[in-house]
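*Asks:* Listed here are the chains, written in short residue letters.
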Amino acid sequence: MTFLSASAAPASANPVSVVPTVAPAASAMVELRAVTKRYGQFEALHRIDLSIAKGEFVTLLGPSGSGKTTLLNLIAGMIMPSSGQIVIDGRDATGLPTNQRGLGMVFQNYALMPHMTVFENIAFPLQVRGLARSEIKRKVTDVLDLIQLGHVAGRRPRELSGGQQQRVSLARCIVYNPALILMDEPLGALDKKLREQMQLEIKRLHAELGITMLYVTHDQDEALTMSDRIVLMNGGRIEQEGPPDTLYFKPETVFSAEFIGSSNLIPGEVEAVENGTVTLRTALGRFPVPAPDRPVRAGEPAVLLVRPENMVLTDRPGPTGVTGRIEDSILLGGVVRHFLRCADGTTVIVQELNQPGRAGARRDDTVRAAWSVEHGRLLPPPPAR
Amino acid sequence: MTSSSLSLDHSSAHPSAQSSGATSGLGPWSAILLLAPLTLLMLGILLYPLGLTVWTSLYDGQLSVRAYGELATSTLFLKVLRNTIEIAVTGTLVSLVFGYPVALHLAAQPPRRRTACLIMVMLPFWTSILVKSFALVAVFGNQGLLNQLLGYLSGGQVNLPMMFNRVGVVLGMINFLLPFMILSILGSLLALDRRLVLAAETMGAGALRIFWKVILPLSMPGVVAGVLINVTLSIGMYITPALLGGRQDMMVANLVDFYTRQTLDWPAASATAVVLLAISGLLVAMLGRVRGGGLPGGAA
Ligand SMILES: Nc1ncnc2c1ncn2[C@@H]1O[C@H](COP(=O)(O)OP(=O)(O)OP(=O)(O)O)[C@@H](O)[C@H]1O
Ligand SMILES: [Mg+2]
Numbered sequence: 001m002t003f004l005s006a007s008a009a010p011a012s013a014n015p016v017s018v019v020p021t022v023a024p025a026a027s028a029m030v031e032l033r034a035v036t037k038r039y040g041q042f043e044a045l046h047r048i049d050l051s052i053a054k055g056e057f058v059t060l061l062g063p064s065g066s067g068k069t070t071l072l073n074l075i076a077g078m079i080m081p082s083s084g085q086i087v088i089d090g091r092d093a094t095g096l097p098t099n100q101r102g103l104g105m106v107f108q109n110y111a112l113m114p115h116m117t118v119f120e121n122i123a124f125p126l127q128v129r130g131l132a133r134s135e136i137k138r139k140v141t142d143v144l145d146l147i148q149l150g151h152v153a154g155r156r157p158r159e160l161s162g163g164q165q166q167r168v169s170l171a172r173c174i175v176y177n178p179a180l181i182l183m184d185e186p187l188g189a190l191d192k193k194l195r196e197q198m199q200l201e202i203k204r205l206h207a208e209l210g211i212t213m214l215y216v217t218h219d220q221d222e223a224l225t226m227s228d229r230i231v232l233m234n235g236g237r238i239e240q241e242g243p244p245d246t247l248y249f250k251p252e253t254v255f256s257a258e259f260i261g262s263s264n265l266i267p268g269e270v271e272a273v274e275n276g277t278v279t280l281r282t283a284l285g286r287f288p289v290p291a292p293d294r295p296v297r298a299g300e301p302a303v304l305l306v307r308p309e310n311m312v313l314t315d316r317p318g319p320t321g322v323t324g325r326i327e328d329s330i331l332l333g334g335v336v337r338h339f340l341r342c343a344d345g346t347t348v349i350v351q352e353l354n355q356p357g358r359a360g361a362r363r364d365d366t367v368r369a370a371w372s373v374e375h376g377r378l379l380p381p382p383p384a385r
Numbered sequence: 001m002t003s004s005s006l007s008l009d010h011s012s013a014h015p016s017a018q019s020s021g022a023t024s025g026l027g028p029w030s031a032i033l034l035l036a037p038l039t040l041l042m043l044g045i046l047l048y049p050l051g052l053t054v055w056t057s058l059y060d061g062q063l064s065v066r067a068y069g070e071l072a073t074s075t076l077f078l079k080v081l082r083n084t085i086e087i088a089v090t091g092t093l094v095s096l097v098f099g100y101p102v103a104l105h106l107a108a109q110p111p112r113r114r115t116a117c118l119i120m121v122m123l124p125f126w127t128s129i130l131v132k133s134f135a136l137v138a139v140f141g142n143q144g145l146l147n148q149l150l151g152y153l154s155g156g157q158v159n160l161p162m163m164f165n166r167v168g169v170v171l172g173m174i175n176f177l178l179p180f181m182i183l184s185i186l187g188s189l190l191a192l193d194r195r196l197v198l199a200a201e202t203m204g205a206g207a208l209r210i211f212w213k214v215i216l217p218l219s220m221p222g223v224v225a226g227v228l229i230n231v232t233l234s235i236g237m238y239i240t241p242a243l244l245g246g247r248q249d250m251m252v253a254n255l256v257d258f259y260t261r262q263t264l265d266w267p268a269a270s271a272t273a274v275v276l277l278a279i280s281g282l283l284v285a286m287l288g289r290v291r292g293g294g295l296p297g298g299a300a
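So the sequences go chain by chain: A and B.
By UniProt numbering, the letter at position 106 of the first sequence is numbered 106, and the numbering carries on one by one without gaps.
By UniProt numbering, the letter at position 190 of the second sequence is numbered 190, and the numbering carries on one by one without gaps.
Pairwise CB distance ranges, derived in the manner of DEER restraints:
(1) I119(B) x P383(A): 46 to 52 Å
(2) L331(A) x A108(B): 52 to 58 Å
(3) R113(B) x R204(A): 43 to 49 Å
(4) I119(B) x G40(A): 26 to 32 Å
(5) A108(B) x A291(A): 55 to 61 Å
(6) T117(A) x Y59(B): 54 to 60 Å
(7) E196(A) x L282(B): 51 to 57 Å
(8) A34(A) x C117(B): 37 to 43 Å
(9) C117(B) x G235(A): 36 to 42 Å
(10) G235(A) x R195(B): 21 to 27 Å
(11) R113(B) x T117(A): 34 to 40 Å
(12) P243(A) x A108(B): 40 to 46 Å
(13) G40(A) x C117(B): 22 to 28 Å
25 Å max Cα-Cα, derived SDA-like pairs, lysine to any residue:
(14) K213(B) x R155(A)
(15) K137(A) x P217(B)
(16) K192(A) x P244(A)
(17) K213(B) x Q100(A)
(18) K213(B) x L149(A)
(19) K54(A) x T225(A)
(20) K137(A) x W212(B)
(21) K137(A) x H206(A)
(22) K213(B) x E120(A)
(23) K213(B) x R138(A)
(24) K137(A) x L208(B)
(25) K79(B) x G69(B)
(26) K213(B) x M78(A)
(27) K54(A) x H206(A)
(28) K79(B) x T56(B)
(29) K213(B) x G162(A)
(30) K213(B) x L131(A)
I should point out that these hints are in silico values taken from the structure, not numbers from a laboratory.
It should be emphasised that the depicted structure is a prediction, and the values quoted were computed from it without experimental measurement.
Ideal Cβ positions, reconstructed from N, Cα and C, are used throughout, including at glycine.
Whenever a hint applies, use it, and build me the whole structure from the sequences.
*Replies:* Pasting the structure below:
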């Protein structure tokens, strides 16, 4: 990218210069230390500790009201924390006004200036930085090429489609090469197809430009597709964080398991722990489960997680399996999902690959769904509400 | 407009109470019946005298535009017209300069506070212009509060003539014009998406740049509407220049009064009134083309 190498130099001539006043914290781009945000009595965020490495793509995922936007706005400086510390690029930014944080933000509804053309919109942050006219023209043209929108430079935002507007708002951000870009559900207003296209585009930009990105979404698929790391939020706290694989295959709580992917959760009580295997007694039978990292004792309640795709319909007997009647089967293109109703009323979901000429089980058949022991995962019981 | 013909026709418009019992119909007739009283009233007190005025300006024994020709060469009329435009533009600009910051402040308040503050803005708006004029004399007159204070502070050295001159007219005028300006700009400011300001901030823009590049341009519809309303209102001012101005501050409406009552030159009075109406009409037409600047309701 010619645009990339060219923009590296003037970034240092930026009026928003970065002066380290805190001991450089390794290579963290953003560091939150015990950040709490209260609105009156209500705690929107509770003692959040979070570190984002330079160049990382981190997604904040969580249900509505879990505090994602609040966290993002705290980093952007649009709201101030009630307590705790925010360090951006090694500099304490806790009380710093927004316009001195030197970051970029992409808004859900684009927030393009309606009275400016596309060109002027993208030129705006460069004018703020006092760049020469010719320099501005070159950079804006380069970035317009990058997002393939050179032909609409003279239009007003309202004359663009939603996807085009979103690309312009992205361009307006990357044109001044901020070290950190925050995005709050930037694709929320787009249809599915356009969304997937934009996801890939954002990923490509991230890979090419090496900008640290903090991305908010409540769409788990989006989070799984795009992130180096997912931070799962729940009620103002971080429920779990880790690479997408870890969150999917090694959820640590029932909340994580339910929020990401679909899951079969069978509650029970630990009967015995021996040789790295836990025996769980449930309403559907006794099942061996690999012992988790945390210590477990006999007699305590626990929940068994088995992902639907790890279940198979089989006739062969084994230590792990449940029997039920197929209530419904739905076709999802490449896969089929069976909903089994077990004797005690629990519903178990089994997901199989769909193949041409699949013989398949039928509705109302009574079948056995089994899983290999190592695919089971023992979770602590959800906190009582 | 000529106030004498107004009072004349008021009595003749009264018998229009004839259709008051006919509101029960649901067909197309009901609309006609419901609108009839007001339509008749407007015909009687507005269109008829207006037509009469235009007619008078064009007819002196025969149809001619002589009255207009005379106006075009009359030094008195041209001087008064220049006065009027100067005063209207000055008043409007002063009102803009004072009104914009107030609107900006109001827009930044939480809704409850804003409502309370708006009542204060509207207070002079609800007060009779006559009462306000005398109140202004009490404050700004030669023996007024302000001059007494200045005299006290300077040991009798300073006495600023602020009434019965140009300053007095503009003071009286902005008192009347400000609510229109403020409401009009406030409408635009409230319609402005706050996230645009936040976006500009994240891009590093300071408060001043955000004002010049984002807030001001986006509030322009309100500013233009406010300016047009103000000019329209001030160009037809009658009481304020009569009460608070000096001899040099005669405005077009006062000239109409002068022609009708002092020189009894009805064609000249009518032609002057028609010119004033045409200018106002033009401004109102321009106002109609400015959309999006939340306009307050009917003007005085
Ligand atoms: N200004 C405010 N005053 C009071 N409470 C607030 C305020 N802003 C946010 N909250 C509360 O803080 C909590 C977190 O809000 P936040 O906007 O961060 O949620 P979110 O995770 O972004 O949700 P969504 O996915 O719906 O955007 C919510 O319960 C919300 O009601
Ligand atoms: Mg949100």
